[in-house]
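Dock chain B against the given chain A, drawing on the hints supplied.
One-letter residues, chain by chain:
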Amino acid sequence: MNDAPQPLPTSPDSTIADGPLEFGPYSLHSRMIVGTGKFPDFPTMQAAHRASASQMVTVALRRVDMKNPANNILNFIDTQRMHILPNTAGCYTVDDALKIAELTLELELPKLIKIEVIGDERTLMPCPIGTLEATRRLAGEGWTVMAYCSDDIVLCQRLEQAGAAVVMPLGSPIGSGRGILNPGNIRIIKELLSVPVVVDAGVGTASDCALAMELGIDGILLNTAIAKSGNPVAMAAACRDATRAGRTAFLAGRMEKRAYASASSPMKDF
Amino acid sequence: MEQVKTMSGPLAISVNDEPKTTAAGSLGGLLEELGLHERRCATMVNGEIVRRPDRGATALREGDKIEIIAMVGGG
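Residue numbers (our numbering), protein chains in the order written: chain A, 1 to 270; chain B, 1 to 75.
The set of hints was computed from the structure by calculation and includes no laboratory data.
Keep in mind that the hints are not guaranteed to be accurate.
As the list claims (entries may be wrong) - List time: in silico SDA-like cross-link candidates among lysine to any residue, alpha-carbon distance up to 25 Å:
no.	chain 1	residue 1	chain 2	residue 2
1	A	K190	A	M255
2	A	K67	B	R51
3	A	K111	B	K20
4	A	K99	B	I13
5	A	K38	A	A70
6	A	K228	A	K111
7	B	K20	B	K65
8	A	K99	B	G47
9	A	K99	B	H37
The following block holds chain A by itself, in its conformation from the complex (with noise of 0.2 Å):
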């Protein structure tokens, strides 16, 4: 009789099946939207890019540098793999964000845009007038905006019935790493809104993510997480899995928390 342990079958795959995250014209299999800015260089960015497996990589509209000309972006970015999501950050007015999407089109880039109104220097807190204004006046005229905002519920519906194809309420401030801050606001925007709801800004590591997913939130958008780890290429790989465990955690469906203890095993017969 043969006595050694015999190995475990192999569990069968235990992952929920999910759709992509739909909005326009366009399907993602990633829910993970990542940038371009902090990096401590392009060859670093683009590695980054890949171990996220993201699929849109998000760009700002600048001045080409005239000391270094040939530094181009674009070199470092896999457009065979990911869709250029060019943004208005840098804008505090309606006008200055409608010129971004004006250029954006002279980029051969497509009718897709991010719209970032700032309404405070410091805190680089959106303005919700202005994002509001530029979101219906760019959605009237065809355009997929995906609109930046803060975690005012009200606000988010004003965006969803101006025609944004997507609304992204902050986490925490750009760049501040503080989280998700308001974790309840984030979920009721989500149980109102019929557009896909992605968190933008505020995301420091990769439980950020998680958390953020668990919500039944549609995507995430994160960068300097990224960007300023110790190692970004890490970290993306990191976020990318985190933000897969807290989508399927949420659609397995969670169990209650609840106020005194559940005892797992039997009470009495021992």
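Below, chain B without anything else, positioned relative to chain A:
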């Protein structure tokens, strides 16, 4: 569109807020001079967008403010 050629000497203009002297007579010529004619970029002259097909025919004048915009990291 044909390139515009001026008969005057070098022009003093600014490119992205930096003073520059150019021998180019047109916006298209300026981009070639700067080595940016192949680069995916947007151009503005005195605050107005000049589309790519029109660059060759857009004459430069003394004091013109040129802006050349591209995608960069950030946002």
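Does G47 of chain B lie within 25 Å of K99 of chain A when you go C-alpha to C-alpha?
Distance of about 10 Å is within 25 Å: holds.
Are the Cα positions of K20 of chain B and K65 of chain B separated by 25 Å at most?
holds, 10 Å
Quick one, are K99 of chain A and I13 of chain B close enough, alpha carbons at most 25 Å?
The given pair, whose Cα atoms are some 23 Å apart, holds under the 25 Å limit.
Proposed proximity, R51 of chain B with K67 of chain A (alpha carbon, max 25 Å)
holds, 24 Å
Hinted pair, alpha-carbon criterion (25 Å max): K228 of chain A, K111 of chain A. Please report holds or violated.
violated, 30 Å
Between K111 of chain A and K20 of chain B, is the straight-line Cα distance small enough, at 25 Å or below?
This hinted pair is violated, its Cα atoms lying about 34 Å apart.
Hey, K38 of chain A versus A70 of chain A, does the alpha-carbon distance stay inside 25 Å?
Judged against 25 Å, a Cα distance of about 19 Å means the pair holds.
K99 of chain A and H37 of chain B were given as a pair; does the straight-line alpha-carbon distance stay at or below 25 Å?
Roughly 22 Å between the alpha carbons, so the hint for K99 of chain A and H37 of chain B holds.
Holds or violated: K190 of chain A to M255 of chain A, with C-alpha atoms at most 25 Å apart:
OK: K190 of chain A and M255 of chain A at ~20 Å, within 25 Å.
The earlier numbered hints that this structure contradicts are 3 and 6.
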